[in-house]
Amino acid sequence: MSTYLSNNWDTILTALRQHIWLALLPVVIGFVIALPIGYLGVRFPWLYHPLVNTAGVLYSIPSLALFVFLPVLLGTKILSPLNIVVALTIYTVALLSRTVADGLRSVDDIIVQSATAMGYRRLRRLTDVELPVALPVILAGLRVATVSNISLVSVGALIGVGGLGQLFTRGFQLFYLEPIIVGIVLSVALAGLADLAIVLLQRLVTPWTRFQGSAA
Amino acid sequence: MITFDDVVKVYPGGSTAVDHLSLELPTGKMTVFVGPSGCGKTTSLRMINRMIEPTAGRILIDGKDVAGQDEALLRRGIGYVIQHAGLFPHRTVLDNVATVPLLLGKNRKEARAAALDLLDRVGLAPEFASRYPAQLSGGQQQRVGVARALAADPPVMLMDEPFSAVDPVVREGLHREFLRLQKDLGKTIAMVTHDIDEAIKLGDVVVILRQGGKLAQVGTPQELLDHPADEFVAEFVGRDRGLRSLSFDTAAALPVKPLPDDLVLDDAGRPEGWRTADGVRSTAGTFLTSDSLRLVTDLAIMSPVGIAVRVDAEGKADGVVPHHDLVDHLAARRGQK
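Those protein sequences? They're chains A and B, same order as listed. The numbering of the first sequence is the working numbering, which starts it at 154 and goes up by one. The numbering of the second sequence is the working numbering, which starts it at 1366 and goes up by one.
If you are wondering where the hints come from, they were derived from the structure by calculation, not from laboratory data. Treat the hints loosely; a few may be bogus.
Computed far set for chain A versus chain B, every beta-carbon distance over 12 Å [what the hints assert, rightly or not]:
1) SER155
2) TYR273
3) ARG323
Label-pair ranges, simulated between beta-carbon atoms [as the list claims (entries may be wrong)]:
4) A:SER259 <-> B:VAL1373: 34 to 42 Å
5) A:PRO360 <-> B:ALA1490: 15 to 23 Å
6) A:ALA350 <-> B:PRO1401: 51 to 59 Å
7) A:VAL185 <-> B:SER1495: 30 to 38 Å
8) A:ALA350 <-> B:PRO1491: 34 to 42 Å
9) A:VAL358 <-> B:ASP1482: 28 to 36 Å
10) B:ALA1432 <-> A:LEU200: 25 to 33 Å
11) B:VAL1375 <-> A:VAL358: 40 to 48 Å
12) A:LEU200 <-> B:LYS1429: 33 to 41 Å
13) A:ILE231 <-> B:TYR1376: 57 to 65 Å
14) B:VAL1375 <-> A:SER304: 50 to 58 Å
15) B:VAL1534 <-> A:SER259: 29 to 37 Å
16) B:TYR1376 <-> A:SER304: 20 to 28 Å
17) A:VAL185 <-> B:VAL1534: 49 to 57 Å
Where is the CB? At the ideal position from N, CA and C, for every residue including glycine.
Between the sequences and the hints, there should be enough to build the whole structure, so can you do that?
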């Protein structure tokens, strides 16, 4: 194992780096896209169910199929990392637009009414009151999307771009256990770390949630 | 002054919430809207700050039609206390109170300093400032709600069932403190409640609405108790309205008799009890000239000898009212009305 590690250190690091940005870039892009979509699902209640259904259908497309078909749709090369980024962005949008909508819907109507009565205009009410109050629900969705993306990136190895997944394909091709183990350990560790980072972020930005449910 | 000028609100389904309401809410007074559910009281309140737009008619604040004003700016100038307080859970108590001043562009430091003063005014210790709403009891949250509504010192305040979500003992305390606060501040207040007792206790003017948003009667609490306009109002203000009306008359005009011998006094002249066959028994309390006739009646009923004892400011007994004198006084009072 240690000879494998020392001989392939550069390959492993490159795969890890690729894995990180292939997984996280779609989270960022997907979140930015999902925010307005989720908001529309709340602003116009008739949009909510179509939105949830569309998101469900998108999320149920098998990842490998999406990886293979996107080049046809986008005109990209089959080996382009762009395919992975776009595919995972689609999954993230599907997950998070529903999360954002549910988060905003979870805000007690009394709070929205009282913000309106204080003299908030719609946009500022959204940024200053509704989104912050919805943050616990939204961040919970973000955790799911992040961890799910980190595991999905590996599938991309089957079409040649897959971060740590490439270690799996190599291990299988060469009947060689070490890269598979390293790939699994790093992938799981990465998911765990990313999850922990979001939990810590949540503690930092929503200190008030620690007291909820403990009301006197 | 807030003026309702022939205001109508018909909801999209066709139900009439407010039916040609014309009304004036006097400046510096507390006007309480009360009525059964579906009488349009909350709708009426919310049309004042344009949370709901009337179908017809106008609402004016000091002669200015609210319809022509920017909604957000209008609302920043009107304090609003909502049912269940509606505090922002993600903000500390202090920042909740500072909400409207910050919206008006005040700097954070000033707004927070002012908010701290307000917490004191509504009876919350400074250590509550850094807490979150979830850490407060219902009554404390409601105080913060009142402080938040007062923060920008608006001349007009709207209160939507502000005290309904707290238990009766806490509500009693909030009522007392709110009346004291309002005495200092003299805001023009419109409040909504479904509780006629609360309306009679807090209102300078009480507006009784009936189902379908029709005005049943407007008047001072005593006018409503003594002269209900019709069966509906009489029923609504309750069976013991005669007794409750006594709350609004003081004992100042009540004639007293000199202290009888069987009233036992201490060295300072304060009443200790009545000498009876069973020994000395408690007077069951005393009254001042500023107390209500209702209290005097209660004392006469509770007294072991049927006599209420009046005291001066130092607590010295200075007269008594036997219950038959009280009955005569009440009869004379009824004759005047």
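Here is how each hint holds up against the structure:
1. The Cβ of A:SER155 sits about 50 Å from the closest Cβ of chain B, beyond the 12 Å cut-off, so the non-interface label holds.
2. Against chain B, the non-interface label of A:TYR273 is violated: not every CB pair exceeds 12 Å, the least being about 7 Å.
3. Its beta-carbon lying about 48 Å from the closest one in chain B, A:ARG323 satisfies the requirement of being farther than 12 Å from that chain.
4. Separation of A:SER259 from B:VAL1373 is about 36 Å and conforms to the stated range, judged on CB atoms against 34 to 42 Å.
5. Roughly 21 Å separates the CB atoms of A:PRO360 and B:ALA1490, a value that falls within the hinted 15 to 23 Å.
6. Taking the beta carbon of each, A:ALA350 and B:PRO1401 are about 55 Å apart, inside 51 to 59 Å as hinted.
7. With their beta carbons about 33 Å apart, A:VAL185 and B:SER1495 fall inside the hinted range of 30 to 38 Å.
8. Hint check: A:ALA350 to B:PRO1491, Cβ distance near 36 Å, so the stated range 34 to 42 Å holds.
9. Evaluation of the 28 to 36 Å hint for A:VAL358 and B:ASP1482 yields a pass: the beta carbon distance comes to about 29 Å.
10. Roughly 30 Å separates the CB atoms of B:ALA1432 and A:LEU200, a value that falls within the hinted 25 to 33 Å.
11. Remark: the range hint 40 to 48 Å for B:VAL1375 to A:VAL358 is upheld by a beta-carbon distance near 45 Å.
12. For the pair A:LEU200 and B:LYS1429, the supplied restraint of 33 to 41 Å holds, since their beta-carbon distance comes to about 38 Å.
13. At roughly 59 Å, the beta carbons of A:ILE231 and B:TYR1376 sit within the given window of 57 to 65 Å.
14. Checked against the given bound of 50 to 58 Å, the beta carbons of B:VAL1375 and A:SER304, roughly 56 Å apart, stay inside it.
15. For B:VAL1534 and A:SER259, the hinted distance range of 29 to 37 Å is satisfied, since their beta carbons lie about 33 Å from each other.
16. With their beta carbons about 51 Å apart, B:TYR1376 and A:SER304 fall outside the hinted range of 20 to 28 Å.
17. In this structure the hint that A:VAL185 and B:VAL1534 lie 49 to 57 Å apart at CB holds, the actual value being about 51 Å.
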